Structures are given as C-alpha cells and as structure tokens.
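There are 2 protein chains.
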Amino acid sequence: MAGHTAETGVVTAAVLVIGDEILSGRTKDQNIAYIAERSTELGIDLREVRVVPDVEEEIVAAVNALRGRYDHVFTTGGIGPTHDDITADAIAKAFEVDIDVDPRAVALLKQRIPEGDLNQARLRMARIPAGGELIENSVSKAPGFSIGNVHVMAGVPAIMHAMFEALVPRLAKGTRIASRSIEAGLKEGDFATALGAIQRDFPDVAIGSYPSFDASKGFATTLVLRARSEPRLTAAEKAVRAMLDRVRAELRA
Amino acid sequence: MAGHTAETGVVTAAVLVIGDEILSGRTKDQNIAYIAERSTELGIDLREVRVVPDVEEEIVAAVNALRGRYDHVFTTGGIGPTHDDITADAIAKAFEVDIDVDPRAVALLKQRIPEGDLNQARLRMARIPAGGELIENSVSKAPGFSIGNVHVMAGVPAIMHAMFEALVPRLAKGTRIASRSIEAGLKEGDFATALGAIQRDFPDVAIGSYPSFDASKGFATTLVLRARSEPRLTAAEKAVRAMLDRVRAELRA
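The listed protein sequences correspond, in order, to chains Z and P.
The numbering used here puts the first residue of the first sequence at 1117, with every later residue one more than the last.
The numbering used here puts the first residue of the second sequence at 1117, with every later residue one more than the last.
Okay, chain Z solo, but in the shape it has when bound (with noise of 0.2 Å):
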C-alpha cells in the first residue's frame, strides 16, 4: 500500500468513532485507548481521533478529510440493524459507490442467525458497499468491511476487539516505536528547561512529560522517550538520568 508519509517505516492511522451516545456521555468510550494501544504495539502511529455524532454528512466529511491524510481510518460504530446504523451507507457515500446486500455477508449472518429469523432489518448488517473486502466478526458473525484505507468496525467493544485483530494480518505497518518510562520523583517545573534542553539535543527522540495528580498521593511526573532507534532512545534516557541526578543534588544543596 502506498503511504501517505515520506518517512520511511512509517505508516499512520486515523481513529473515527461514530455515535451519538459517546458525545452525550452516555456511553464511555473504550474503543480509542484499544486501537492505541494496539496501534503502538503494531508500529502503526496514530496521529488523530475524531468523534461524530450518527449525521451522515459528518460522517462522509470526517472520513474524506481522514482516508486523505493517513494511511489507515479505522472507524467504530453504526454498523447494526437499527434506523440510527449509518456508518455503511455513509461510507459507500464518502468514496462514491454503489451499496448493497452482499452474499457474503449473508452468508456469514446465516451461520449465526436461523433463515427466518433474516428479515430486513437484519439484512441491512449486510449491506457492504461495492469493493468492500469483509473483516470477519468471530463473536456475532455480522461482519465489518475495508474500503480502501478506511476499516468499518462495530461499536461494541468485545465485537470491535475481535474485528480488529482479524484486521491485523492484513494491515500494513511500519517500524514499531520504543519506549521508555522514567519516573522523574520531581515537579515538573525543577527539570523542565534542562529536559528542553535534551529534547533539542536528541530531535529524534520524543519526550514527553506527564504530570498526574491522585488525592491521597500528590503529584508525580512520568517522562516518556520514545523512538525508532534503540540506540538513540538509551543515549537519551541515559542524557535524562544525568539530568535528573543533576537537578536532585542541586535541591538538596
């Protein structure tokens, strides 16, 4: 597949989740953090997130503007049998083709679900728009589909774990980034310029710095390196450790 990015060994993702229920809160979303961190683990980078409410339009604008500048868009949600499912149809809208029933989709509903019991709205769980190549769904057989660079998944996240790594095989993915995690034991503000200062020396390497607060704890910070080089990633840590003795003594004087 031909990557949107220049860099080599780099191929990164879009997350678009659809529906209603996550923007009024009703629903907490698990489904972002999974293909995070999953991503991560892959050598996939994913570089946005975005959530739209179940409105065609915002459907079919958010997935063009996405599919254009990243190499995957995996979307999650509105691929069910009810009225406000409209994830597929907006889809096949977005890349400008036909949908329809697809007989192997059907196929694949019917070993779940007795031929009686297939009326029309379940047959909706089929329509896959044309081009569509299937991802497989082992918990509830309604599958997803891959368009192009873009992967429709359930919402439901036991359905969408399952999706996903029936997706995995056939994605293309890059050199996986390393990390690594130091607990400063300071306040940000006692490092932060010597840590900016590292940050210009290793260009290569992205450090970030992540306070946290827990009531009965106080503040920590957490510093994380990651890189593609190993070597450039324990240069840096070793810069940071140095760093951080350097900044400890200097207090305690």
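No lab work stands behind these hints: they were computed from the structure.
For clarity, every value in this text was computed on a predicted model and none was experimentally measured.
Mixed in with the good hints, there may be bad ones.
When chains are identical, the list treats them as one kind, so a pair holds in a single copy or across two.
Unchecked claim - Listed below are the simulated BS3-like cross-link pairs for lysine-lysine, each with C-alpha atoms no more than 25 Å apart in a straight line:
(1) Lys-1289 <-> Lys-1144
(2) Lys-1354 <-> Lys-1303
(3) Lys-1226 <-> Lys-1257
(4) Lys-1303 <-> Lys-1144
Once you have looked at the hints, place chain P on chain Z.
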C-alpha cells in the same frame, strides 16, 4: 453570546484533546467522558471531539476548524511548564494574537510556589494569549484561560474537572435535553424496522439503539430517547414501549 446554530435554545460544543500520550495509548483519556456528561447536564450539545498530537500546526488547524463551527470549544492538555506543553502558544497563533507572561496568572502561581522557585519554566504556565480571561485552578493554581469561544484547560483529570466547574457559571447554556432509557429485552434485529417507523413519526425525538455484549450475560439492547420537549418524549416512549410489547407477543406466538 452569538450561537453558531440557528436552532432556538441550542448551544453546541466541541472538545479538543491535545496530547501524544492519548494517541500512543499510554494514557487513557478520561476528559472526553467528563465533558460529555457535564455538557449534557448543562444543556450544551457536544457535537464533535478531536484528539491531536503535540504539534503546533495540528493544534492551530483543529482550533480554527472547531471554533468556527461550535459555540464552545473545550481543550484539554498541554499547558504545563515543559517543552511539550505548547497549547497556549498554539492558541495565540490560531487567534493571531500575542502571548506573554500575564501578571494575573503570576499572582495565582505565587499563591502556591515560593518566589525563589518561580523559575523560567514555571513562568511558562503564566503565558496567556492577549485578551484571554483566566480559568481558576483550585487544585494547583496554574490557571487555564478562555479566549473568544475557546476554553483552554489542563489534561490532568482532577485539575481539568476543577477548571471546568470554575468555567460553568460563565458558559452560555441551552435548553437541557431530556432523555429516557428503555431496556428492550429483545435483539435489535427483532424490532429494528418497527423502531425506524417510530423514529419517522417523531423526528424531534432522537432515538438511539445501543447493543452491549457481556461474556457472561450475552447481548442486551438499551433504547435511549432524547428530546427538548417532555410531552413529545413521553409520547415517543409510550409508542416504543407499546411496540416492544407487540413484538414480544409476536415472538411468543
């Protein structure tokens, strides 16, 4: 405030989460769900969410896209003292205004940080774009800010919550959307066509169907009806409950 929407009583919002750590999967976002829930309670319609990395041009582009479309934009993340905290500068760039250390913000920092510890790095947390209004931070003092319709808050959940609640009194709010939840006790495919007919009869009531799956309990479906008019909501709920009773009776027959 002039709303961006023509509908009476409708106030819209978007959330922009800024942070590599969410996209890498290292940190699970908790702020989207908090703002989604609170917005719904306040009569603010959350219409879109985006997550972008700590990259200035990405933040600028997203802020400008969202602030033109929605009444409020809530951002989280990237306002600490380290080199990767670039949100305030990116917002200034998006609004094409200057940014500098703000004496009001410095005064707040001094409530917590001893004068000798107020180094260059910590003063970064007092950089506020020209024309910004501070958002109080009762947890750790370093403030957020509002500029135009964009409200810039911390990423650490406890601090973000404190900032959001400090902001609430000055937010424009709309008519609260009321909702009713109904446990269908049926599979979606059994009632989807009949539910679609009810949705057509009640275009002013948003009817969502949310399947869930639990390995021990199997599938369940919750129907959620949302509307600004209580009488219409009551009428739609009655229609849905009658339909479900009818479908259950048919399935038993």
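Hint-by-hint comparison with the structure:
1. For the homomeric pair Lys-1289 and Lys-1144, the shortest alpha-carbon distance between copies (23 Å) is at most 25 Å, but the shortest distance inside one copy (28 Å) is not.
2. In this assembly of identical chains, Lys-1354 and Lys-1303 lie within 25 Å of each other by CA distance solely inside one copy; the values are 19 Å within and 57 Å between copies.
3. Taking the shortest Cα distances, Lys-1226 and Lys-1257 sit within 25 Å of each other inside one copy (9 Å), while across copies they are farther apart (60 Å).
4. For the identical chains of this complex, Lys-1303 and Lys-1144 are inter-copy neighbours only, at 22 Å across copies versus 31 Å inside a copy, given an alpha-carbon limit of 25 Å.
Going through the hint list in order, the structure satisfies each hint without exception.
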